[in-house]
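Chemist: Here's the letter readout for the chains.
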Amino acid sequence: MSAEYGSWEVVIGLEIHAQLATKSKIFSGASTAYGAEPNTQTSVVDIALPGVLPVLNKEAVHMAVKFGMAINAEVADRSVFDRKNYFYPDLPKGYQISQFELPVVGIGSIDIELENGETKTIGVTRAHLEEDAGKSLHEDYAGMTGIDLNRAGTPLLEIVSEPDMRSAKEAVAYMKKIHTLVQYIGICDGNMQEGSFRCDANVSVRPKGQEEFGTRAELKNINSFRFVERAINIEVERQIDVIEDGGEVVQETRLYDSVKNETRSMRSKEEAMDYRYFPDPDLLPVILTEEYRQQVKAELPELPEQKQQRFMDELGLSAYDAGVITASLALANYFETVAEKTGDAKLSANWITGELSARLNREEIEICSASVDAEAFALLLQRIKDNTISGKIAKDVLDAMWDGEGSADEVIESKGLKQITDTGAIEAYVDEVIANNPSQFEELKGGKDKMMGFFVGQVMKMSKGKANPAQVNELIRSKMK
Amino acid sequence: MSMYHTKSVTELSAMLQAGEVSSVELTQYFLERIKSSDDKLNSFITVCEEDALAQAKESDEKLKAGNAPALTGVPIAHKDIFCTDGVKTSCGSKMLDNFISPYDATVVANMRNAGVVMLGKTNMDEFAMGSSNETSFYGVVKNPWNLKAVPGGSSGGSAAAVSARLAPASTGTDTGGSIRQPAAFCGITGLKPTYGRVSRFGMIAFASSLDQAGPMGQSASDCALLLNAMAGFDEKDSTSIEKEVPDYSADLDKPLQGLRIGLPKEYFAHSEGGMDAEVEATIKAALDQYQAMGAELIEIELPNSGISVPVYYVVAPAECSTNLSRFDGVRYGYRCEDPKDLNDLYTRSRGEAFGAEVQRRIMVGTYALSSGYYDAYYLKAQQLRHLISDDFTRAYEKVDVIMAPATPETAFNIGEKTDDPISMYLSDIYTIAVNLAGIPAMSIPVGFANNSSGESMPVGMQIIGNHFEEAKLLNVAHKYQQVTDWHTRLPEEFK
Amino acid sequence: MSIEVDEVKKIAKLACLSVDDADLPSYATNLSNILDLVAQMNAIDTTGVTPMSHPFDVVQRLREDVVTETDRREEFQAIAPNTEDGLYLVPKVIE
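Protein chains in written order, with the working numbering: chain A, 1 to 481; chain B, 1001 to 1495; chain C, 2001 to 2095.
These are computed hints drawn from the structure, not numbers from a lab. Values in this document were obtained by computation on a predicted structure and should not be read as measured data. Worth double-checking, as some hints may not be accurate.
Stated by the list, open to error - With a cut-off of at most 25 Å between alpha-carbon atoms, the simulated PhoX-like pairs for lysine-lysine come out as follows: (1) Lys1340(B) - Lys2009(C); (2) Lys1094(B) - Lys58(A); (3) Lys84(A) - Lys2092(C); (4) Lys84(A) - Lys2010(C); (5) Lys135(A) - Lys1340(B); (6) Lys1094(B) - Lys2009(C); (7) Lys1243(B) - Lys58(A).
Given only the sequences and the hints, what does the whole structure look like? Please build it.
Modeler: See below:
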């Protein structure tokens, strides 16, 4: 796998920040809903008025524990919140409440599938709860920066991996795996455009065979899978260049510029920060019992691997199809609805991994943004099954549905795509084709079965695809007798 | 003219309930007193004339309607560390000189709900950092017993106002002695409750793990009434304790026969910088009184008490250094003129608006938490707190309460210690261990002794109890006040 | 323990405090004295002692996940030094 980096080995660790899907903030009762007017979702606690105190959100802890149990991690009996001190305008208290020494989730792991089909286990060092910061808006305020604190205090789970990944592709596979998992267990909406799921990547290179790690650079705040891959590769290239030119990689924080496709040093963070971590005296230790942990574990929903296995065992899907479908909870849910409505899991899987996925990929959208919902899609497949339309026509119908031209039935009706099942009408086409091709018909009768395809094709052409191929076949055979 | 200022809260409350006086009358009386006398003391930062009269009117209606809570209509003052909705809350700092709080502290809300009328906000050391009220942006408060002397701190305004009876009672806060030391210096009664007994929500944080609010009044029975209203679990304060609040007035009269009083030998040892001889004699006289009431005096050991001041001067600055980071000139409070960049905005707003003592403590705390020093300072100090706390736990196996001086000497003169922070810090030597252990303690007036300038000033004695034994402390203090009159004495100028 | 002027500068920077150069020596002296006082802690062995952060062995209480707050932006920004379009304004932040 590391062939792509020549004689160098790349070492990557990721710090993923997943915004937890709680209704209220981690330490206040303000809403976490996205997209509100600036500073309208801030309480006295979020703007850090003098005298205010944090009170921990139960659901945030619950979600963190869910994650811990889902990756078979050690979930701490006792975890502690610390203050991470630094001044920044989007950090109202002048410190972030985070977890330093005793995080809620300890060592765990998750498996990723490599391109060659092998499985690799990636270690998760820890996952801790912390509060998100606000946002700085740099435009248009006469040389000033505007601060919106709506996001300040949104709960985050920071998931820190071991430096176990050896290529950008592995990093992306890991990130996708975590992305899928957090949505499965319902702790994060995974929306990367809105910043609900983002990551920092620690990247270093070393000559192949060297034991010790090279000096790493931290790439900050990357918010798409594509950018993760690009940012890592461009950073790896930079580091290799630096070393090969006789230089040394410096430990620093770098920002990925997706427009220029380069990473650059963040000068503001150049001086080593001294965060002066210490236990937040406003909060007490969080104590979790074994009973609670087991209860959370028991209540975990079906996880991606379990779902994949079930789709294979119970619905007869191939490992590949089941894997593709379960890689996204939304897609898996979509599939299950379609399969249930149509009563045909294989047909549903074929259409979802084929036609539907092709359209999603083409438009680079997620299933939740698709214009055809599971019910509508199921109806389309039902129309194939009940012979109203052929599979070929169905693709055209799907295109029309995709463009918002109505339900499958409406499109079939308005475009007159209904399959001809009237035997008389089809027989007339068959007779005409036989009459126009007497020698070929003789060959068919003489046992040249290949000719059957020719005749069926001709009839289908005459019917503009609306004849039922099976019926055509049957009629031609009856004419041969 | 009625002498309402000679009445205790207990008496005023009874008069209000009986309809012998209206809350408006009382409120006007005290507002008038503040107007005519506070020039001498500087004990108030804000006087809320209009609001107070409106609240008084409301209280009178409630009183007329009947079934009004005990404190309905009683005017009191709040230390300016408590956020008060719609009223300036300065914490004694230039940083918050323009800060009108948009919310009420839980203590303030509780008092409001109990029907108390707020006369105004009292002066204090800046962000409660000081033992003499000399660090206030609003100027030093003077001791009503001698205007050349300090009132103590940080709740110096509250202590002076109550001592001069500009308010019948006040709230205070105590991080290292900030209720007890000024109460002692001004000859009033003050109680620092168990950590977690009173909500810290809305009380501007100095050192979160030590801060606790409590009442400052004329007597133990007044403090009991006030604590009844102040105390209680608050879901907005994660460190507040879910424990039922007893009626602190219920046990005031319990006899003291057989009471075991512990006397820490470390506190009474004669060492340099230790207790002043006159103070000691006064304390001894009070102890004799207790013996006469049937109590038994037992020498105890608090072997780690000597380390309290150093431990405190790590824990408190470390916590304050980060608690005060929110004052950055962005969302409220002081902002420097024309900041040229972000760093300039931060450093100048903070540098210009924080006083020297506050900056000193922020720097000590920043240093103590900075990388490489956390273990040696903060962590070490928190470990030592455990040892200090264990000393008390062991002591309470043998005794019911501990008695000690509140301060090594009586109120010193203004300016006497301002150039020497360390000697100022050492004036809290007897009060600090209590905060580190989180236990409750009172200071009650037990007589007078000359200060270093030869002026006769009040002496305060501490009564220290085990966790949640506020009722016992109040009982022990009340019984003494039943047989003595130190607590009813008024400074000459404010009679 | 003695703190040098350079160290005071570093601490002041970390704490975001502007200190006049003229005041640096007196801060250095003050801080050194305080650290000398604090150094007395070293005399006591604390090996194995659990640090105390709260006097009671209490645990964090958890709040139900319910939105309880309403929009109070106007009130909050009435006391802010500089706002526009509902945003708090600060000098340009450069990354």
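Chemist: Take the hints in turn and mark each one as holding or not.
Modeler: The hints, checked one at a time:
1. The hinted pair formed by lysine 1340(B) and lysine 2009(C) meets the criterion: a straight-line CA distance of about 20 Å does not exceed 25 Å.
2. Straight-line distance between C-alpha atoms of lysine 1094(B) and lysine 58(A) comes to about 38 Å, which puts the hinted pair past the 25 Å bound.
3. Between the alpha carbons of lysine 84(A) and lysine 2092(C) the distance comes to roughly 23 Å, so the proposed pair stays at or under 25 Å and holds.
4. A hinted pair counts as satisfied when its Cα atoms are at most 25 Å apart, and lysine 84(A) with lysine 2010(C) qualifies at roughly 18 Å.
5. As the CA atoms of lysine 135(A) and lysine 1340(B) are separated by approximately 21 Å, the hinted pair is consistent with the 25 Å bound.
6. Distance restraint check for lysine 1094(B) and lysine 2009(C): the Cα-Cα separation of roughly 23 Å lies within the 25 Å cut-off, and the hinted pair is therefore satisfied.
7. The straight-line distance between the Cα atoms of lysine 1243(B) and lysine 58(A) is roughly 21 Å, inside the 25 Å bound, and the hint therefore holds.
Going through the hint list in order, the structure does not satisfy hint 2, though it satisfies all others.
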